[in-house]
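Student: So the chains spell out like this:
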Amino acid sequence: MIRFENVTKVYDPNARPALDDVSLEIERGEFTFLVGASGSGKSTFLRLILKEDRATSGSVYVAGQNVANISSWRVPRLRRGIGVVFQDFRLLPQKNVFANVAFAMQVIGKSRSIIRETVPEVLKTVGLEGKEKRMPHELSGGEQQRVAIARAVVNRPGILLADEPTGNLDPITSMGIMGVLDKINQNGTTVVMATHDDDIVNEMRKRVVELRNGVVVRDEAKALYTSMIPVVGESRLLKDASDEELDRATGGQQ
Amino acid sequence: MRLAFILGEIGSGLRRNLSMVVSVILVTFVSLTFVGAAGMLQMQINQMKGYWYDKVQVAIFLCNESSTAAGCASGAVTDEQRDNLGKMLESPAVKQYISDFQFESQAEAFQHFKDQFSNSPIVDSVTQDQLPASFRINMKDPEKYQIISETFSSQPGVETVSDQRQVLERIFVWMNGASVVAMGIAVVMIVCAVLLITTTIRLSAFSRRRETGIMRLVGASKTVIQLPFILEGVIAAVVGALLASGTLWLVTLWLNGDLSRQFLNTPFISSAQVLVVAPVLIALGGGLAGIASLLTLRRYLKV
Ligand SMILES: Nc1ncnc2c1ncn2[C@@H]1O[C@H](COP(=O)(O)OP(=O)(O)O)[C@@H](O)[C@H]1O
Ligand SMILES: [Mg+2]
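Residue numbers (the UniProt record's numbering), protein chains in the order written: chain F, 1 to 254; chain U, 1 to 303.
Note that these hints are calculated values from the structure, not bench results. Mixed in with the good hints there might be a few duds.
[Unchecked claim] Subject to a maximum C-alpha distance of 25 Å in a straight line, what follows is the list of computed BS3-like cross-link-like pairs (lysine-lysine):
| no. | chain 1 | residue 1 | chain 2 | residue 2 |
| --- | --- | --- | --- | --- |
| 1 | F | Lys110 | U | Lys144 |
| 2 | F | Lys110 | U | Lys87 |
| 3 | U | Lys87 | U | Lys49 |
| 4 | F | Lys95 | U | Lys87 |
| 5 | F | Lys51 | F | Lys110 |
| 6 | U | Lys302 | F | Lys51 |
| 7 | U | Lys302 | F | Lys95 |
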């Protein structure tokens with residue numbers, strides 16, 4: 001579904017690359033965490049998928065298509081196939097919940113009747129039934145993020161990108177959001193989520209791709225937020241970790 | 001659906017930027033009024049040329065008692081001198097240039113004068129003796145005025161030879177100058193209008209960056225994202241153009257009403273001629289606003 005081939009992204013020629021020779025494949029229907037410290041290149045990775053930025057070298061493929069070959073007037077079509085949510089929700093403050101979600105359908109020309117039918121369904125999926133008429137400022141952070149997720153998936157994209165979606169939320173609310181994302185993933189949507197929330201990653205046990213200074217230093221299935229031993233440029237699999245390491249990594253929650 | 005959506009966006013954009021939109025309307029209104037005024041002055045000049053050039057005459061004014069010109073040293077024109085001039089006008093050498101001529105006596109001149117200034121107290125202070133008799137000549141080719149002037153101005157009994165066309169030319173030069181000035185002001189104002197539209201669109205794009213950001217992310221086309229902004233500028237400019245057209249129309253009403261009663265012989269341009277100017281103003285305003293908005297958006301609105 002998403003493939004990076006030796007992708008390097010340089011913003012500032014005098015600084016180190018934001019992404020450095022990254023090669024990675026994410027399968028259709030997969031749920032992948034992108035972890036790493038601030039500035040490690042997670043957002044850059046997501047932006048390249050959306051063709052918000054161009055790779056300095058290497059190729060990014062989305063649904064089999066090299067995004068570098070998509071002409072600018074067809075970029076909207078690429079983006080219709082990708083939903084995005086952010087840490088700061090980005091709702092329209094003067095529109096209510098229903099209108100915020102409907103907005104994503106209106107701007108691509110969906111008919112009024114389809115909108116009236118689809119929006120309530122999606123709001124139900126994210127657990128916001130009966131809150132259609134609320135304004136964003138009348139919602140908790142978690143509810144606002146649910147609206148944002150509803151808006152991102154209302155056009156049924158094959159891919160959902162989430163850039164630190166729980167960054168502004170408390171742990172319990174965050175878990176609720178993860179439940180929604182998991183549900184969307186179960187429905188067949190490929191989900192890529194950038195985060196540095198270790199509790200969430202450890203709870204979910206999904207694939208973890210770790211970036212450090214733009215380099216992929218780890219790529220493990222059903223993994224924890226940190227690998228057991230500090231890694232430099234190589235990865236170890238979870239099954240190779242000792243019990244003591246596991247215990248330390250999970251903070252004794254196991 | 002998409003149309004309804006775009007219209008809604010335009011409406012909210014116009015409302016959100018009301019004061020800027022009003023200023024765009026006013027500036028385009030003023031600048032296009034000057035453009036239209038320049039154009040209509042040109043129309044007025046052409047119309048007056050067409051009307052007057054057929055009617056203008058060369059006049060040979062004859063000496064009266066108070067004449068001071070060199071040819072009038074022997075006092076007022078004599079009957080003999082006058083007949084002599086009449087014969088010269090009939091002679092083949094002169095006749096080939098003129099289509100016809102009339103003699104206007106002092107009595108007729110006084111009568112014309114009284115008619116022309118019937119409302120003015122000046123009539124009472126002028127006597128018949130003070131006005132010159134004249135030959136009024138219609139030229140076949142008005143450009144040949146020089147020949148008549150050379151032939152007659154040194155004849156005894158002739159005070160002066162005057163070409164009414166020259167008086168008109170002076171008026172036209174003045175009107176031309178006025179239309180050039182109007183055009184100059186128009187150009188400056190249009191530059192202001194374009195800069196203002198650019199700023200307005202930029203502010204509008206900035207104030208709605210959250211919406212456009214979301215539109216981009218969910219895959220709205222460039223048209224859907226940009227059109228509301230472009231139309232916002234175009235609509236404001238077209239409203240300005242309509243106001244300008246309306247103003248020019250009022251001016252023609254005034255020309256053909258009050259003013260034409262004062263200048264009975266002047267053929268003023270009609271209100272219908274505004275219909276020629278208005279579409280040009282609307283196209284100019286709308287086109288400039290559209291181009292200015294498009295170029296601004298290319299820089300300030302990522303799509
Ligand atoms: N638009 C940009 N211009 C210049 N440098 C940037 C830009 N975006 C990100 N960077 C740099 O690229 C690196 C990776 O940033 P980012 O992808 O945002 O990391 P993360 O999302 O993991 O915090 C950082 O060093 C950041 O300063
Ligand atoms: Mg980031």
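Student: Would you check the hint for Lys302 of chain U and Lys95 of chain F, treating anything up to 25 Å between C-alpha atoms as holding?
Tutor: 23 Å, holds
Student: Need the status of pair Lys302 of chain U, Lys51 of chain F: alpha-carbon distance at most 25 Å?
Tutor: OK: Lys302 of chain U and Lys51 of chain F at ~12 Å, within 25 Å.
Student: Lys51 of chain F and Lys110 of chain F: Cα distance at most 25 Å?
Tutor: Holds, because 24 Å separates the two Cα atoms, which is no more than 25 Å.
Student: Is the hinted pair Lys87 of chain U and Lys49 of chain U satisfied, with a Cα-Cα distance of at most 25 Å?
Tutor: 32 Å, violated
Student: For the pair supplied as a hint, Lys95 of chain F and Lys87 of chain U, is the alpha-carbon distance within the 25 Å limit?
Tutor: Violated: Lys95 of chain F and Lys87 of chain U sit about 95 Å apart, past 25 Å.
Student: Between Lys110 of chain F and Lys144 of chain U, is the straight-line Cα distance small enough, at 25 Å or below?
Tutor: Roughly 76 Å between the alpha carbons, so the hint for Lys110 of chain F and Lys144 of chain U is violated.
Student: Regarding the pair Lys110 of chain F and Lys87 of chain U, is the alpha-carbon distance no greater than 25 Å?
Tutor: 92 Å, violated
In summary, the numbered hints that this structure violates are 1, 2, 3, 4.
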